[in-house]
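As given, the protein sequences belong to chains C and V, one line each in that order.
According to the numbering used here, the first sequence is numbered sequentially starting from 1.
According to the numbering used here, the second sequence is numbered sequentially starting from 1.
By construction, these hints were calculated from the structure, which means they are not laboratory data.
Keep in mind that the hints are not guaranteed to be accurate.
[Said to hold, decoys possible] So these bits of chain V aren't anywhere near chain C, every CB distance computed over 10 angstroms:
#, residue
1, SER2
2, GLN22
3, LEU30
[To be verified] For the chain V half of the interface with chain C, some residues (derived, Cβ under 10 angstroms), not all of them:
#, residue
4, ARG4
5, MET23
6, GLY24
7, MET25
8, LYS26
9, VAL34
10, GLU40
11, ASN47
12, ARG49
13, GLU52
14, GLU61
15, ASN62
16, PRO63
Think of the CB as a built atom: it goes at the ideal place given N, C-alpha and C, for glycine as much as any other residue.
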Amino acid sequence: MRPPRECPSERLGARLKLCMLVNLLFFILIVFSLFRIQVLDHSRWSALADGQNTVVLEIEPGRGRIYDRNGYLVAGNESFARFSVYWPEVPADQASEVDRVAGLLSGAGFPVPLDRKPGYQVLADDVPYPVALEIMSQGSRMVNCAVLNRRVYPMGDVMMPVIGRCTPDNTEGLELQLNSVLQGVPGRTTLERSAWMGYSLQDIESESVPARDGLDVILTIDARFQAIAQEELEAAVIQAGAEWGAVVVVDPGNGDILAMASYPVRDENGAPARNNCVQSNHEPGSTFKAFTLAAGLSEGLVSLSDSFDVSRGWMEVSGVRIHDSHHIDSILSLTQVISLSSNVGTVMMARAIPDSILYNYCRDFGFGRATGVELPGELDGVLYPPSRWSGVSRANLAIGQEICVTPLQLAMAYSAIANGGILYGPRLVSATGSDGEWSHWNVFERGRVISPETAAQIRSILTTAVEEGTGTSAMIPGVRIAGKTGTAERLALGDNMYLSAFAGMVPAENPEIVAVVVIDQPSYAYRWGSTLAAPAFQRIVSRMLSSDPDMALSPQGSGEGMLASGWEAAR
Amino acid sequence: MSFRTTILLMLLAALLFNAVIQMGMKNYRLAMLVELHRMEQELDRLNRRVSEAEGAVARLENPQRLREIGAAMGLVPMPLSAFTLMEEE
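Construct all of the structure, not just a fragment, from the sequences and the given hints.
This is the structure in structure tokens:
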């Protein structure tokens, strides 16, 4: 028996229900998807959409400029352009456009490589900004032009010992030490891509943070003095076949560093060499006798009326013989001991000074610890405490051996003698700021080391040392100079290794400049402080005096009068 | 014209007016943004030229260069022997 046939309307109803069920499920799926996209994953899809038509751009801040004390730019910024092309994006019929720009670049003196690389290709680099602007105005959209910044140093290598360098690969010197001040803070802005004219327009509704340029820096350095010091130092080091040299010029009134020259300026690889003013230790030799004298005079342990029999030419201390470099067959006054630089006389003087007192004065003058100047890698120097001294240590220290100092430490200590006994911390940065609003950096006074009377006595003795003693080669006509030569044996480096030094101040009565010249390992003929460092000091200081209008002296016989022993009158 | 038609027409006119205002404001904003973009580019160009010029001036005023030029012209500093010191009062 055949089963009864299903009615067509019933079959249609069942199919319709199935279809509606499928539609309902599909509708629920769509609603769920919409809910997921618009509610659950809203932030993700929204960010994706924004990312497709907006670009967040980091704005590079301008690096702060560096000026010398007179407002002369010693480190600035310059723009240059790099022209490039990405060949896969260049349609075949537009290649001639690239050739046209290449022709413009070649015409401007920037030869473009003829061979085409398959991908990205730099057409010309290091194109000066004005030239790049000219080419960009006639350029093609097929060629990219990136305008980049770089650091420029208008004085070349002359300022390098002080400010170092800032390159994409490396930052050194003051540029490194003050990087946080100079570099500024990057900004951020959102650009909306536009199909019209290829603009990327700023989205003013989005949060935009402007870049904050780095602060400008004013140094205490005088660029003219720096140029003179660097030039004369280089000449002296080359003339004497020496290893390295350093010159520090300081204003003793406040510790401002006026010049800081170091040679060599670059190492074998062309990178900035170490700054010998703060990164080289050396025995100060006889230049240190001024501080032995300061300890003795301050404590009343020696006096100007004392005399010392140095006629034997040597003396024995704890089994070690200490000689005079030049035999002096005489009895010397205290002034003559220093001015003629008698080692024996100085050691005799030091016998009256207890170890702890000599050590404390050395510490008070700033030896054995970094000065805190705004430069990286400054050395402390070497000054052992009395507990580590041998029987001959006091005698050695008195004549500037068994101690290592940096040229800057020596200059600051001599500044204390020059200014009446106050030790200042060295200052390399005078102010920071921008747009005429300057924040001045403080002068750092460490404290009084010796009395003004003692300082005056020492200056008087040092003046005799220049006028009648070992420092006559530092004399400058018309100006009185106080100073001390130094010839240190570089015992750690071997026999016949010397260091020639001179520390001086000018004018002797009321010093306004203190300069220290140190030249290491000169050839044997130039080993004395009086034959190398003192003449270099004389050349440097005389050039400074005659080149600075503030320091210029009126011509003799002009009736105008002359610069006073200080320069305040001329300022 | 019936009251109902009048209301509808006014509503339509308001919508149209609003659309025109909105479009005008958007166009104005776009034009201002283009101008801002152009001026920012100009400012950037001028700032770079200022830096360029400052560097060029500093190179020209380089003390070493001035001394060399002066020496070539015979303008060397006077020797200190030509000067005397006045006593400090």
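>> Quick check on GLU52/V please, does its C-beta sit within 10 angstroms of some C-beta on chain C?
In response: Holds, because the Cβ-Cβ distance from GLU52/V to chain C comes to roughly 6 angstroms (cut-off 10 angstroms).
>> Take the shortest C-beta to C-beta distance between ASN62/V and chain C; is it under 10 angstroms?
In response: 5 angstroms, holds
> Holds or violated: is there a CB of chain C closer than 10 angstroms to the CB of ASN47/V?
Replying inline: Result: holds, 8 angstroms to nearest chain C Cβ.
>> Please check whether GLY24/V passes as an interface residue: C-beta within 10 angstroms of a C-beta belonging to chain C.
In response: 17 angstroms, violated
> Under the criterion of a CB-CB separation shorter than 10 angstroms, is LYS26/V in contact with chain C as hinted?
Replying inline: 12 angstroms, violated
>> The hint names MET25/V as touching chain C; please verify it with the least Cβ-Cβ distance against 10 angstroms.
In response: Violated, about 13 angstroms.
>> Tell me if the interface restraint on VAL34/V is satisfied: Cβ within less than 10 angstroms of some Cβ in chain C.
In response: Nearest chain C Cβ about 6 angstroms off; hint holds.
>> Interface hint check: GLU40/V, Cβ to nearest Cβ on chain C, cutoff 10 angstroms. Holds or violated?
In response: 8 angstroms, holds
>> Verify this label for me: GLN22/V is non-interface relative to chain C, using a Cβ-Cβ cutoff of 10 angstroms.
In response: 15 angstroms, holds
> Is the shortest C-beta separation between ARG4/V and chain C less than 10 angstroms?
Replying inline: 36 angstroms, violated
> At a threshold of 10 angstroms, is the proposed contact between PRO63/V and chain C supported by beta-carbon distances?
Replying inline: Hint holds; PRO63/V Cβ to chain C Cβ min 4 angstroms, cut 10 angstroms.
>> For the restraint on ARG49/V, tell me whether the closest CB of chain C is nearer than 10 angstroms.
In response: It holds, given that the least Cβ distance between ARG49/V and chain C is near 7 angstroms, below 10 angstroms.
Going through the hint list in order, the structure does not satisfy hints 3, 4, 5, 6, 7 and 8.
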